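*Asks:* If you want the building blocks of each chain, they are given just below.
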Amino acid sequence: MTEAEKKEILKEVKKYIKDGLHEKALKVLGGLSEPSDDFVMQSRYAALFKSIPEDALRLKKLRIAILPTSTTSHLGDVLKYWLAREGFAADIYEAGYDVVHQTALDPKSPLYEFKPDITLIFTNYRDVKCEVRPGSSAGEIQKALAGSVRDFTSLWDAIQKNSNSYIIQNNADTPYHRVFGNYEAAAPWGHLNMLRAFNLELAKAVPPGVTIFDLDHAASAYGKKRWCDMRYWYHSKHAFAPDATGPVAYDLAKVIGSVKGSAKKCVILDLDNTLWGGVVGDDGLDGIVLGNGPAGEAFVDFQKFLLKLKRRGVMLAVCSKNEEETAKEPFLSHPDMQLKLDDVVIFRANWLDKVSNIKEISSILNIGLDSMVFVDDNPAERELVRQELPMVSVPELPEDPSEYVAALSSHAYFETVSFSEEDIKRSDYYRADVTRGQFQKTYTDLSGYLKGLGMEMAVGGFDDFNLSRIAQLINKSNQFHLTTTRYTESQIKAMFSEKNKYCRYFKLKDRFGDNGLISAVILEKAKDGSLAVDTWVMSCRVLSRGVEEFVCAEIVSLARQSGCKKIKGRYIPTKKNRLVSRLYERLSFKMVKEENGETHWELDLDGELPSYETFIKKTSSEEYAGKKGL
Amino acid sequence: MEERTEIRKRLNRVFREVFGDDGIEISDAMTAKDIDEWDSLMHIVLVVAVEKEFGLRLNAAEVGKLENVGAMIDILQARAKK
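Sequence order for the protein chains is B and R. Numbering-wise, the first sequence is residues 1 to 630 according to this note's numbering. Numbering-wise, the second sequence is residues 1001 to 1082 according to this note's numbering.
There are no misleading hints in this set.
Just some of the chain B residues that point at chain R, by a computed CB distance under 10 Å:
1. Ser51
2. Thr71
3. Met230
4. Tyr232
5. His235
6. Ser236
Straight-line C-alpha distance at most 30 Å; calculated DSS-like pairs for lysine-lysine:
7. Lys1052/R x Lys7/B
8. Lys14/B x Lys1009/R
9. Lys27/B x Lys1052/R
10. Lys1052/R x Lys224/B
11. Lys7/B x Lys1009/R
12. Lys7/B x Lys1033/R
13. Lys50/B x Lys1033/R
14. Lys1052/R x Lys50/B
15. Lys1033/R x Lys18/B
16. Lys1009/R x Lys15/B
17. Lys1081/R x Lys225/B
18. Lys499/B x Lys260/B
19. Lys260/B x Lys24/B
20. Lys224/B x Lys1065/R
21. Lys1009/R x Lys11/B
22. Lys14/B x Lys1052/R
23. Lys224/B x Lys204/B
24. Lys1009/R x Lys6/B
If you are wondering where the hints come from, they were derived from the structure by calculation, not from laboratory data. Because the structure is a prediction, the values reported are computed rather than measured. Every residue, glycine too, gets a C-beta built ideally from N, C-alpha and C.
When you get a sec, could you build the whole thing from the sequences and use the hints?
*Replies:* Shown next, in the form of C-alpha cells:
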C-alpha cells in the first residue's frame, strides 16, 4: 500500500470514529499501519487512536511509567497505539525529562503514586559512563564497566524497593560514530567495545522482575546512520531519529505484551509449499523441493527455524489437506526433512476445512485460539481463517520461501521475558497428552483410567528454583484461574518470607511422562482465623485427572496445621475462566455471597470434612526427581 | 513573489495534514500561539513533515527557528534558491 492510499483510508477511519464505529476504525487502522511507517504517519495513527473514547474498545488496562533521560513525548502516544494493537489500553505516566534518579529514589515521587504495572527506564548510550582512556588495562576496563552497570542496578533496586512494578530497561544503542573507526571493535578499550561489553554485563545483572529491551537491536535494524540524527538531540533532546519512533514503539509494545503473557503458544503449519516446495501427493517423496537448490535450502532453513521455536517451547502442529499417510512420508523418510513427527504435537492431515481442524487442535491442546499462529502459503486459506477465526494470528507469507523466516519473525509473536526448563519440555508434555487421550479410550470408566495412569505428585513451598515457572503459570493462566491475580517474579519472591502466606506448587508425573509444575496456590491466613485462597491456578493440560481434588485436600491439611477453622475461596468471573465458576461447589464449599457475578465460598473445618477422592500418590520432591533413598 | 505563494500553498497543505484540520489558513504572522495543538511535540511532527514535503534536511538551528510561518517560508525560500 502506498502512502497516498493509506492517507485515503485514514479519512475513512476518521469517519468511522465520528460515526461511533470504534472497533471497525481500529481494525482498519490495524490493517494499514506498519511499524516502519514514518513519524508523520505514526503521529496520525496515534492521533486517530487517541480520538477513540477509551471505554469504547475492549482493551485490558495497563499502567506504564516512563522514566526517560531524553525527550519521549513523541514516543508515548505512538506506543499507546501499538499497545492497543496488542490488546492493551495503556495509561502512561511520563516523568520529566532527566529526573530519573530523583524520581526513582524518592518514595513519595509521582512515579509511586501512579502505581505502574510496568516501569520503562528509557536511556541511551550517552547515559552509559564507561569511557576509558585508550590503552586501558583489563582491570581499568572491568572497573569502568562495573561502575556503569551499578548506575543502572541501583535504579532498579530503588524502584523494586518502593513498588511492585515490573521494570523494562533498554540497553545501550551503540552509536554510529567511532573515534578509532574499525579498531574500536578490536581494542577492548574501544568505546564501541566498551558499550558492547556493558550490554552483556547489564544483561548478567538482571534480577527477577527486570528485563532488557534491546534498543541496540532496534537501532541496528533501523540503520545506525539514520538512527543517530543528532539535529533532534541538539534541538530538543530526542535520542533517536523521529522516523525510528514506529519501530521502537512496536518492539516495546511486543516486549510489554510478553511481560503480560500475550505471546503465542502454537504454530499451525500447512505442508505443501509451506514446509517444502511442491505437492507431495502429486510430486511424490523424491519430487518435492527440499534440500537441493536455492528454494530447497530455504525450506530447510525455515524448518530449522521452526525447530528452534519448538525447542524454546512453542508448539508445532500440522494442518494440511492431504492423505495422512502421504503427508507423513517426508517426515519419516526424506533425508533433508528437519522436522520429525516427534516435533509435531498434533498432526491433522485430512480433507476437512482448515477452520474446523484449527478449532479441533485448539480444543485438544486446550489452548485458546488467540494463542495460535496459522502459517499457510495459500492466500485463500489464510483469508478464510482470518474471516472465520479472527483471534488466530495469520501472517502474510511471501511467495519466495527465502523470506519465510523473516515473515514469521517480523511479527514478534513469540516474545518472552523468561525461559524455564518447562519451556523446553512443553511440546513433549502436550504430545504425551495426546497419547494419554488415546490410552483413555481403552478404558470404559474414568477411575480405571485414572488408576492406570499411575500418577505421582510432588508438593513444595515456592522457591527460587521454581520461581520463573510459578510466575509464568500465574501470569499466563486464564482458564483455570479463580481470582485473576497477576504477580511479578519480585512480588512472588517477596511472599516466600511472609509469615501469614502459604505458597505451594504441584508437580505431576505419570506413566506417560512428566507433566511438570502444573498448579500453584497462594493462601493467606486472615485475621479472623480463616485461610483465604488468594490465588489458585492450574494448567488446563491436567484437567479432569483429580488434580483439583488433590490440591484442595492439600489446602485443607495446610489449614488444619496452621489452626484455621475455615477456608475462604473466591471466584472472579472473566471472559475466559467460566471453567472454574462452580469449582468450589464441586469441592463441597458453601456459597456465602454473590455480587456482580463474583462468588464467595467457605468450607467449615469444624464439621465433617468431605473426602476428596483422587488416584494421585503424594511423593517427596526428592523421590519425584528420581533421587530415591539417601 | 510567486515562488513564495507557491511555497505557502504547499506549506498550508502540510499544516492541514499535520493538525488534521482542513480549515487551517496559514499566514506569515502565524505562530505556535495561534494553533492550540502546536506544542513542542507537534513542532517536531511539523518539522519532519516539512522536510518530507520539500525534500530537504534542515539543520539543528533551523529546526528551532521555525516557530512562525513567515520564518518557515523564509528558510524554505532561501533553500530553494541554493
